[in-house]
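Asker: In case you want the letters, here they are:
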Amino acid sequence: MDYIAGYIGRKASSATNHISNLFAFTYRIFVLIFQKPEAGRALVRRISLEQVYFTCVQALPIIIPIALVFGSMLIIQFTKVSGQYDLGKTMVMLIVRELGPVITAFLVILRSATAVAIEISYMNLFHEIDAIEMAGIDPMRVVCLPRLIGITSAILCLFIVFDLVAIIGGYLIIWIFTYIPMGDFITQIGKAITATDIAVGIIKAIFFGIAITVTCLKHGFSVKRLITDIPVGTSKAAVECFFYCLVINVIISILFYM
Amino acid sequence: MYLINLVDYTIDFPESGCSFNKMNFALSRDDAFAIIGDSPDQAHMFLKALAMLVKPVSGDFYFKDKKVDFSDYRNLLPCKKKIGYIASDSAMISNITVRENLLFTRYYFDDSLSLSLDETATKLCKNFGIYDKLDIHPGRLSSVNLRIAIAIRELTKSPDLFLFERPEDFIGHTNFDLFTEVLRDMVLTKLPIVFISYDKDFIEEFSNKKIFLKDGTLSIG
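Protein sequence lines, in the order shown, are assigned to chains A and B. The first sequence lines up with residues 69 to 326 when you count with our numbering. The second sequence lines up with residues 240 to 460 when you count with our numbering.
Keep in mind that the hints are not guaranteed to be accurate.
What follows is a set of in silico ranges between Cβ atoms, one per label pair, in the way DEER data are often shown [stated by the list, open to error]:
id	chain 1	residue 1	chain 2	residue 2	range
1	A	H86	B	D311	18 to 26 Å
2	A	P105	B	G368	34 to 42 Å
3	B	P253	A	H86	17 to 25 Å
4	B	I375	A	Y325	47 to 55 Å
5	A	P105	B	E254	44 to 52 Å
Note that these hints are calculated values from the structure, not bench results. Don't be surprised by glycine CBs; every beta carbon is placed ideally from N, CA and C.
Pulled out of the complex, with its shape left as it was, chain B reads as follows (with noise of 0.2 Å):
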């Protein structure tokens, strides 16, 4: 079973210029593709592809062997709760704080306002140094920090696949290692993973495959 299936799958973006023309890639549960390209907009749009946060064109998207219906956005919220998306346009709900942020999906799952971060999150907090910061606003929280709060949203919130971007920009050096030992604990459990990164150490301990992107074209290698 494939966790994702593109067939025939087309894509435009416009404003930057880029494009995917009638590809086809499959990921399955104990892949982990690293995105090889010469256009970053190129292999940022991929991901965004993959999270389902830009429309086809035309081609078929198979989430769990389930054809996705993007005639309604409504269709696609099950899938999307299920990915993990850290990226340059990944953002925190500015008008709630950050531990709201964390806690906003069970808050609205579990239908209760009275809870708190659970063990993982807490620890993930007090390790990348934002447990004292969690009770402002995200607009106050310095970028690095704000990526961090994102970053710990997204691992908290037990994907199915986890796409990020370039994490050793992302998360900032000085936490690059942090993040690194969590996504390693992450990956033993066969998460899937598709990422973006300049780090070739991190490429070739984190991908079993590789994706290369070139002129609108994927190949896997």
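Bound conformation, chain A alone (with noise of 0.2 Å):
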């Protein structure tokens, strides 16, 4: 019994040694924001864009196809049961609300976090943080800043992306290739659709954002001496970040619909 109370207790204080560490270093990126100093913004600036280009912009042909698919095959299902719901505010709720940000995330974290991980593990491991700091600079504000704005835009216009091709482009497909009768549906969504779900879906891709990168850099940072620590600590934060975006959709669910 003391054996199991003690596993239990040891693995709750590294747990939230971890959750610590990662508020902490969330702390340092945030405050390299605020600061403005002269030096490194067209650099800042540069590597800034070449994340969103990655995340974003490349995985264009991969979110689109999806959204299509969970559009289409959403409103088929719930065409079926329209006369007992309204079909616009089920799919707002859905995919807007709740399927979008996940789905996003999800894809996120499958094609850009594990990517940023092993880069920065790799990094590490290979001294060209070393390197960055000889020049005199900063990795903070060169590696991990630019990171952090570029996921976290990137993750934003994703989730914008998918919602509108889910919506749009799944009534279209429907229209063009079934008879199923819709109705009004796009007057349906519009009038079901309210400022607070684009908020909150706002809120959510930013929130999302900054535990993916967050939790991305903090693994890569922490491999140091063995090249087997990359997939070990790449691993980890796919999954560390997926629980995280799980857990904050759900608060941030709570406290603005319930």
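Make one complex out of these two single chains by using the hints.
Answerer: Below you can see the structure in the form of structure tokens.
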């Protein structure tokens, strides 16, 4: 019994320590946003834009078909019960409020978060971070800050793309390829969507972006000595990111809709 | 005025089993130290300590007579910027091109991305034969060319102190004479250097003092 209690205590203590470290790390990066040194702005801007390109633009060919599949699939299912539920409201509830942010975050974790974790681990392991420091440059400013800005902006953009494609694209696919009656679907969506839905989407995207970036960077920087630590760290980062996103999603939904 | 002054400086490097206990070391502007020691790991670690890449267990590090605060890595950055460091663990940033690596510090501190290599860097790149490879990523360079690019980056950063490890191996024997020539010009400007080399002629030519490392203790000769 003592052994089990000790094990649980150690795990809880380690988890609390890890979460505290993540918050401290987030704080460190956030402070950099509000500091405005003259040096490095152009470089930070370029790396941020590159990150937006890698995370958002390059993900479009993947997220658009997925959004179309989800949108049309949900419309088909909900038109069957349209007598019982408001189709527009149901779509807004499912896609804009819940599925959109989560699927977008999931795709970003699969594509970019793992890539960032590996990249940072590699940079750390092979002394590239030391090389940046030897140039007199703060790695937090040229490595962490642009990735935070880039990934968060990319998630926000992808989330908007996902919602639009899932709703409008899904509607068009059903309208073109089937004879399923959908009534005045777009008007229903227009009536159902509120400013809160849009604000919640933006808030979720921002929090997901922060959680994903910080978790991946933290795990990346934790790799110090062995190359075999890179896959372990990456896998931990991906799982943690997904878990944190789900938790954040639930908390924000409870705060705004309950 | 000392450029670097280590007082009761203790460092521990458990992975390689090396440590220095309460060492004292002072380096002035016209010093050129050759490190002589039985253990390459220990010599490398000493070089790393001078480059502020190892956090001390205890003791004081003075850079240009100002005490360096190791509690926050950001305090070290202005000092590190003034140190040229060529060693086995020197690296280039792999996700940008060689040209961008050579310009990285200027990109940052001049706050502009529309810069071109200065005359010295261009000349060195041409002389060392990597000028046509500037627009590829470091990972695509051969190991010799990669090390040459690192050396050029460090040589052109206008350091106040130059630390280098086994240049005869790092640069490669074919380019060693070129490196020696560049270094000779730099040393003429009274640039302090600390280096590890197994080339006796090189040691004789470039050092005016020697650091003997044995069992974690340091003596100057």
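Asker: Kindly confirm whether 44 to 52 Å is satisfied by the beta carbon distance between P105 of chain A and E254 of chain B.
Answerer: Given range 44 to 52 Å: violated, Cβ gap about 35 Å.
Asker: State, for the Cβ atoms of I375 of chain B and Y325 of chain A, whether the hinted interval 47 to 55 Å holds or is violated.
Answerer: Because 53 Å falls inside the window, the suggested range holds.
Asker: Is the distance from the Cβ of P105 of chain A to the Cβ of G368 of chain B consistent with 34 to 42 Å?
Answerer: holds, 37 Å
Asker: Check the following: the C-beta atoms of H86 of chain A and D311 of chain B are separated by a distance inside 18 to 26 Å.
Answerer: Holds, since H86 of chain A and D311 of chain B (Cβ atoms, about 22 Å apart) stay within the stated range.
Asker: Okay, P253 of chain B versus H86 of chain A on CB: inside 17 to 25 Å?
Answerer: holds, 24 Å
Checked against the numbered hints above, the structure violates only hint 5.
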